[in-house]
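Novice: The task is simple: from the sequences and hints, build the whole structure.
Residue numbers (my numbering), protein chains in the order written: chain A, 1104 to 1309; chain B, 1104 to 1309.
Among the hints, erroneous ones may be present.
Identical copies go unnamed one by one, so any copy, or any two together, can satisfy a pair.
The list that follows gives simulated cross-link-like pairs (lysine-lysine, DSS-like), each with its CA atoms no further than 30 Å apart [what the hints assert, rightly or not]:
(1) Lys1204 / Lys1111
(2) Lys1204 / Lys1284
(3) Lys1111 / Lys1220
(4) Lys1111 / Lys1207
(5) Lys1284 / Lys1243
(6) Lys1243 / Lys1111
(7) Lys1250 / Lys1183
By construction, these hints were calculated from the structure, which means they are not laboratory data.
2 protein chains.
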Amino acid sequence: MLPFEIEKESFRMIDEILGETTINPLHAPLIKRAIHTSADFDYATNLCFSDHVVERAIQALKNGAHIVTDTQMAKAGINKTTLASLGGEVHCFVADEDVAKRAKEEGTTRSAIAIEKAAELNYPLIFAVGNAPTALMKIKELIETGKLSPELVIGVPVGFVNVVESKEQMMQVNVPYIVAKGRKGGSNIAAALCNALLYMAVNRQI
Amino acid sequence: MLPFEIEKESFRMIDEILGETTINPLHAPLIKRAIHTSADFDYATNLCFSDHVVERAIQALKNGAHIVTDTQMAKAGINKTTLASLGGEVHCFVADEDVAKRAKEEGTTRSAIAIEKAAELNYPLIFAVGNAPTALMKIKELIETGKLSPELVIGVPVGFVNVVESKEQMMQVNVPYIVAKGRKGGSNIAAALCNALLYMAVNRQI
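Specialist: Structure representation (structure tokens):
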């Protein structure tokens, strides 16, 4: 089987297992791609979408939105060729020297400072957070103080400390969001959700 | 909380949830780190370890073993600073032009050809496969034909087509292995298992 055939058959199997589960057709490609990357069917029920978020995100990508991730892993997993075909790029500043220096000086996390640096980019921005609740909380703060107005926030940090809370709080912010309720998420899920939106934006099958 | 404190508290919470679950103490750091990266407690029961694999893997890392991954995502997730402190490096050849060219010529996957290229490296090797069952099947073939003798195979591809079978077959090969039985796994899990072994090799807490 060729890679595309394997992917097609995988999605057919996911459909079969999902069976009669009720899923909004616009959310389905994102939910299925999260399941495809984790084999974890919890993503059929834990992903939360703000109103019209998928249509808006697709439009933003078509308009050349750039994507900001909180980890190199999420950046590595995003289909940069498809994103570039729409005029976008992926940015991740967490490993930058100036970010590490400022985080140390200000006694905060590199993840939070990396978001501040990203907020200075002059592009429409999609944030994809798969790891750091502090990144998500920094995005919330910048939105609420009028310093950032993202096209979309993908809030899927994974873990045990402040993770559930950061996601609940993000869903209270007036911004288009896709959030995985509960502890689950990760860089792989963040990348998968970005890729699902990218493939919808370029009308790629699956 | 500082990042290290967050990690410590996360592992405490994982311990609390695992409760009385019986886990081999040598396997525990790997299982917990897989749970830490996914918040998925299935990894408490689906990870399978060949005899003495953890002791052997730690020794291999201390001897300067290099790690080969099947995806850039897994490579991105591995702690390369800790690996370098032991004399190792991470390699991933899947995006190389010569690999793409040969895969096309031979009508096979880039993942399989990337493993053939890695097998020519003159280092003790640990393979960490989080995505491609064809990579795992190529490793099996090279071992069985005497062309490869890895220190360890981490076999945690995720998915629906040939994934379960490839992992079952890997566990029949005469090689030290760590395998996630069933459909689950991923690049994040592959990286987490490598990092757990690295931290054991340098006696890092948690």
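Novice: What are the numbers of the hints that this structure violates, sorted from low to high?
Specialist: 2
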